[in-house]
Amino acid sequence: SAVISQKPSRDICQRGTSLTIQCQVDSQVTMMFWYRQQPGQSLTLIATANQGSEATYESGFVIDKFPISRPNLTFSTLTVSNMSPEDSSIYLCSVGDGFFGPGTRLTVL
Amino acid sequence: QQQVKQSPQSLIVQKGGISIINCAYENTAFDYFPWYQQFPGKGPALLIAIRPDVSEKKEGRFTISFNKSAKQFSLHIMDSQPGDSATYFCAASKAGGYNKLIFGAGTRLAVHP
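Residue numbers (the working numbering), protein chains in the order written: chain A, 1 to 109; chain B, 1 to 113.
Isolated chain A, as found in the complex (with noise of 0.2 Å):
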């Protein structure tokens, strides 16, 4: 299985800001999703992230509020923009095969 790494871990955030998300990979994949999960609810699938080409995103996520990218083919950025206390959520990576990052705890004050 491979080892996911995201940075920051947690952060707490003014509104009106923007916070980029890592995702660190020890093998090259093919596919990388970015979930949410809302305090005390499952986790959602923000978009997935193929390496060269445009991110695909879920229905009600759009690109504008979460860009990703995707460089090359062990990393991945999700940048939450112009944050509000809704955007408040833990924010996980995946790779195939089901296993996740450790996730990064956002709160926006």
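Straight-line C-alpha distance at most 20 Å; calculated SDA-like pairs for lysine to any residue: (1) Lys42(B) <-> Asp11(A); (2) Lys94(B) <-> Asp97(A); (3) Lys100(B) <-> Gly96(A); (4) Lys100(B) <-> Thr48(A); (5) Lys42(B) <-> Ser1(A); (6) Lys94(B) <-> Ser59(A); (7) Lys42(B) <-> Arg10(A); (8) Lys42(B) <-> Pro8(A); (9) Lys42(B) <-> Phe99(A); (10) Lys94(B) <-> Phe99(A); (11) Lys5(B) <-> Gly40(A); (12) Lys42(B) <-> Asp87(A); (13) Lys57(B) <-> Asp97(A); (14) Lys42(B) <-> Gly40(A); (15) Lys100(B) <-> Gly52(A); (16) Lys5(B) <-> Gln38(A); (17) Lys5(B) <-> Leu45(A); (18) Lys100(B) <-> Ser27(A); (19) Lys94(B) <-> Glu58(A); (20) Lys42(B) <-> Ala2(A); (21) Lys100(B) <-> Gln6(A); (22) Lys100(B) <-> Gly60(A); (23) Lys100(B) <-> Gln51(A); (24) Lys94(B) <-> Gly96(A); (25) Lys42(B) <-> Gln6(A); (26) Lys94(B) <-> Met31(A); (27) Lys42(B) <-> Gln41(A); (28) Lys94(B) <-> Thr30(A); (29) Lys42(B) <-> Thr44(A); (30) Lys100(B) <-> Thr56(A); (31) Lys100(B) <-> Phe99(A); (32) Lys94(B) <-> Thr56(A); (33) Lys100(B) <-> Gln24(A); (34) Lys100(B) <-> Asn50(A); (35) Lys5(B) <-> Thr44(A); (36) Lys100(B) <-> Phe75(A); (37) Lys100(B) <-> Gln41(A); (38) Lys100(B) <-> Thr74(A); (39) Lys100(B) <-> Arg36(A).
In case anyone wonders, no lab produced these hints; they're calculated from the structure.
Starting from the known structure of chain A, fit chain B onto it as the hints suggest.
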């Protein structure tokens, strides 16, 4: 077609008892069914997963039972321990797991001593 329905929402079990959590799906294209365990403040950890070519998979005290015709699968935790107290999520995916996961709503399990 994309939903995965999980029940119960919460479960209380005595130490040593059996915890059973159920999930049902609609999309027959799903071919990978993992279960996740999540402790407060942590990300979900893959616990056990099954593919539809088998009806049961066991790893230690954790067993998945899979009923393809009923489109249901369940997690059984034998000899439940207080340390098993966590939230459990079922999920489903296509392409053997190398695709996006659709999650159930979660079950909050409390194992009382």
